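Generate coordinates for the entire structure from the input sequences, incorporating the hints supplied.
Spelled out, the chains give:
Protein chains: 2
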Amino acid sequence: MSILNFQLIIIIFTMLLTLGVFSQDTAISGIRHPESGIQDQVSTGAVTGIAEAPQDQGARIGRWVLVIHGGAGGPPQGSMPEEKEQQYREKLSEALSIGTAILERGGSSMEAVEAVVLFMEDCPLFNAGKGAVYNDEGVAELDASIMDGSTLMAGAVTGVTRIKNPIAAAHQVMLKTKHVLLMGEGAELFAKEQGLELVDPSYFQTPARTEQFDRMKKSQREQEMKDDRPKGTVGAVALDNMGNLAAATSTGGLMMKMKGRIGDTPIIGAGTYANNATCAVSCTGTGEYFMRNVIAYDVSALMEYRGWSLEEAANYLIHDKLKSQGGGGGLIAVDKEGNVAMPFNTNAMFRGYAKPKEGSVVEIY
Amino acid sequence: MSILNFQLIIIIFTMLLTLGVFSQDTAISGIRHPESGIQDQVSTGAVTGIAEAPQDQGARIGRWVLVIHGGAGGPPQGSMPEEKEQQYREKLSEALSIGTAILERGGSSMEAVEAVVLFMEDCPLFNAGKGAVYNDEGVAELDASIMDGSTLMAGAVTGVTRIKNPIAAAHQVMLKTKHVLLMGEGAELFAKEQGLELVDPSYFQTPARTEQFDRMKKSQREQEMKDDRPKGTVGAVALDNMGNLAAATSTGGLMMKMKGRIGDTPIIGAGTYANNATCAVSCTGTGEYFMRNVIAYDVSALMEYRGWSLEEAANYLIHDKLKSQGGGGGLIAVDKEGNVAMPFNTNAMFRGYAKPKEGSVVEIY
Numbered sequence: 001m002s003i004l005n006f007q008l009i010i011i012i013f014t015m016l017l018t019l020g021v022f023s024q025d026t027a028i029s030g031i032r033h034p035e036s037g038i039q040d041q042v043s044t045g046a047v048t049g050i051a052e053a054p055q056d057q058g059a060r061i062g063r064w065v066l067v068i069h070g071g072a073g074g075p076p077q078g079s080m081p082e083e084k085e086q087q088y089r090e091k092l093s094e095a096l097s098i099g100t101a102i103l104e105r106g107g108s109s110m111e112a113v114e115a116v117v118l119f120m121e122d123c124p125l126f127n128a129g130k131g132a133v134y135n136d137e138g139v140a141e142l143d144a145s146i147m148d149g150s151t152l153m154a155g156a157v158t159g160v161t162r163i164k165n166p167i168a169a170a171h172q173v174m175l176k177t178k179h180v181l182l183m184g185e186g187a188e189l190f191a192k193e194q195g196l197e198l199v200d201p202s203y204f205q206t207p208a209r210t211e212q213f214d215r216m217k218k219s220q221r222e223q224e225m226k227d228d229r230p231k232g233t234v235g236a237v238a239l240d241n242m243g244n245l246a247a248a249t250s251t252g253g254l255m256m257k258m259k260g261r262i263g264d265t266p267i268i269g270a271g272t273y274a275n276n277a278t279c280a281v282s283c284t285g286t287g288e289y290f291m292r293n294v295i296a297y298d299v300s301a302l303m304e305y306r307g308w309s310l311e312e313a314a315n316y317l318i319h320d321k322l323k324s325q326g327g328g329g330g331l332i333a334v335d336k337e338g339n340v341a342m343p344f345n346t347n348a349m350f351r352g353y354a355k356p357k358e359g360s361v362v363e364i365y
Numbered sequence: 001m002s003i004l005n006f007q008l009i010i011i012i013f014t015m016l017l018t019l020g021v022f023s024q025d026t027a028i029s030g031i032r033h034p035e036s037g038i039q040d041q042v043s044t045g046a047v048t049g050i051a052e053a054p055q056d057q058g059a060r061i062g063r064w065v066l067v068i069h070g071g072a073g074g075p076p077q078g079s080m081p082e083e084k085e086q087q088y089r090e091k092l093s094e095a096l097s098i099g100t101a102i103l104e105r106g107g108s109s110m111e112a113v114e115a116v117v118l119f120m121e122d123c124p125l126f127n128a129g130k131g132a133v134y135n136d137e138g139v140a141e142l143d144a145s146i147m148d149g150s151t152l153m154a155g156a157v158t159g160v161t162r163i164k165n166p167i168a169a170a171h172q173v174m175l176k177t178k179h180v181l182l183m184g185e186g187a188e189l190f191a192k193e194q195g196l197e198l199v200d201p202s203y204f205q206t207p208a209r210t211e212q213f214d215r216m217k218k219s220q221r222e223q224e225m226k227d228d229r230p231k232g233t234v235g236a237v238a239l240d241n242m243g244n245l246a247a248a249t250s251t252g253g254l255m256m257k258m259k260g261r262i263g264d265t266p267i268i269g270a271g272t273y274a275n276n277a278t279c280a281v282s283c284t285g286t287g288e289y290f291m292r293n294v295i296a297y298d299v300s301a302l303m304e305y306r307g308w309s310l311e312e313a314a315n316y317l318i319h320d321k322l323k324s325q326g327g328g329g330g331l332i333a334v335d336k337e338g339n340v341a342m343p344f345n346t347n348a349m350f351r352g353y354a355k356p357k358e359g360s361v362v363e364i365y
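Respectively, the protein sequence lines represent chains A and B. Just so we're aligned, residue 1 is where the first sequence starts under this note's numbering, counting upward by one. Just so we're aligned, residue 1 is where the second sequence starts under this note's numbering, counting upward by one.
Bear in mind the hints are in silico, worked out from the structure with no lab data behind them.
Derived lysine-lysine pairs resembling DSS-like cross-links, with alpha carbons at most 30 Å apart: (1) B:Lys192 - A:Lys218; (2) A:Lys259 - B:Lys259; (3) B:Lys217 - A:Lys178; (4) B:Lys323 - A:Lys176.
Simulated coverage check for chain B against chain A, where a stretch passes if three residues somewhere in it have a Cβ under 8 Å from a Cβ of chain A: (5) 149-157; (6) 287-299.
Only a predicted model underlies this, so the values are computations on that prediction, with no experimental measurement involved. Beta carbons are placed, not taken as given, at the ideal position from N, Cα and C, and that holds for glycine.
Okay, here's the thing in structure tokens:
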């Protein structure tokens with residue numbers, strides 16, 4: 001009798017343990033997610049990583065990670081001229097090397113993401129800063145945001161037409177005001193006060209964009225909204241050697257967008273989010289879907305509240321949640337452990353990452 | 001022996017059931033949260049509520065809930081003239097009765113929240129529409145947003161100075177464009193196209209606001225940012241008899257804000273959020289904190305991902321998360337079961353709710 005009871009008690013405890021391990025998944029998420037229990041162990045691994053430093057001379061110095069994107073969308077593989085593709089690859093590599101230099105010398109993730117995005121704003125290939133697309137009045141209206149994961153402070157500008165580098169203005173909003181987001185003329189006046197360079201709106205225009213605008217003006221605006229051509233938004237996320245996360249995004253938005261349209265890029269939580277407790281995220285795609293679904297913050301929420309890994313959260317949002325709604329785009333993200341995710345549900349996403357021992361990787365399809 | 005085993009089996013199942021109920025809390029949230037397990041039972045109560053309808057003639061008809069706010073902040077109880085307090089109470093009651101009439105006759109939650117917010121925009125007492133505060137150039141720059149929990153569609157306008165009812169323009173953005181958020185002149189051109197009434201910017205000014213502006217212009221802008229005087233943003237959330245949730249918010253922002261400053265009100269996920277799967281939320285307070293913390297969406301995320309009740313999620317965000325950062329404000333929310341939350345961490349929040357059998361309640365402190 002007592003042996004049978006002992007067996008039963010063993011069975012009880014086994015069942016209780018099993019339930020305890022899997023309960024956070026089965027109890028909360030409607031979606032099957034068998035690996036979520038593991039995430040907690042990974043999270044505490046951050047401390048382990050630091051503890052291991054003395055054994056590995058480069059562990060602390062080599063902790064940084066940089067991930068960048070030059071926009072999701074684009075034509076199917078093979079349809080872009082090889083020369084053009086090579087140009088994108090070169091500029092993405094150059095952007096990575098700029099950020100790498102900062103992070104390698106112990107610079108902050110904020111410094112790195114700002115410098116990388118600023119470089120991409122200046123590059124006419126991408127839809128941000130010089131080379132940005134035009135609104136339906138033929139003017140480039142620019143948006144940018146930046147967030148510091150160590151303080152949860154953030155800055156952003158939207159609808160600016162004269163600030164040469166919107167990402168620099170976004171950072172100044174964070175540093176010099178009590179506000180998070182400034183728009184239009186107010187943002188431009190502020191940027192001027194801060195000594196940032198203002199330019200004539202024509203500075204942002206390029207022959208390629210003007211040709212694209214003229215072609216599209218003839219067709220329907222509706223057409224463009226459904227269109228899968230490259231959105232070209234740029235962004236960067238980074239983890240620095242101090243363990244601080246940062247995210248930055250900059251864009252001209254959608255070609256032929258209505259004058260005054262604000263997308264996800266300048267919205268903290270939609271297009272950009274960073275939090276040392278979880279991850280740093282920068283999004284690209286048809287912004288309205290990212291806004292309604294609060295995508296950048298949702299990556300963090302799924303990690304914090306459900307215990308999902310970065311990859312699980314990012315993949316679910318891009319490949320399941322957004323895709324089921326018809327929302328095209330992608331995101332780049334890095335978590336506090338240095339894990340990288342770069343999912344996209346479009347034909348292509350210009351992207352790349354760099355890590356101390358792995359060098360840099362650039363991918364399009 | 002078999003009786004003892006039977007008893008043990010009963011004990012096992014009791015323990016398993018108990019664990020099942022509480023596991024979603026203990027496994028995921030780091031924060032102690034003993035009541036979250038109960039929420040699941042409440043959630044399934046929605047179906048029960050419908051099933052009970054035949055027994056209770058008014059059950060389906062009487063499902064609707066309306067919650068409104070006229071802004072958080074304000075002086076301590078007793079420091080506002082009684083007459084003024086009475087004016088606020090009367091206008092809040094009137095707003096509730098407008099929404100009640102719509103919901104009682106089977107109108108949608110979208111219709112109700114828009115009508116209520118529109119009424120409050122027209123009332124000079126509140127900081128939205130007529131009676132809104134001024135930016136640092138003495139101009140009322142208005143923000144509004146609305147979200148439909150049944151479709152997750154949303155619309156918003158920001159930085160508009162000539163649209164008489166920004167909430168109506170926000171709704172039109174949702175209905176007539178592929179965009180979510182339009183700013184400034186672009187939003188005004190669109191509103192005009194939609195046949196909405198445009199006014200001279202002076203329409204929004206009132207003697208009381210001009211006096212407040214003049215007084216504050218003499219003091220420091222810094223002072224205002226720390227200030228606990230009423231923010232006055234207005235908002236409404238509702239559950240209708242079809243079980244659809246909606247949220248709407250409208251504001252003039254912060255008195256003496258920088259020209260072009262955008263707060264949380266027009267940001268989906270920060271100041272406004274609605275999702276039939278969880279809740280509808282409208283926020284009020286120092287918007288920057290709500291933006292950085294993505295507060296409106298976070299109420300929903302805590303419910304969906306952690307299984308917290310509406311009350312638990314709303315209280316945690318306002319009384320713990322925001323308060324610990326120095327973020328002043330409050331929110332109103334209703335969940336899909338009709339539960340109401342109206343937490344605030346300021347001296348006061350103008351607020352009220354109405355339910356079919358309880359009539360309407362208006363509170364300030």
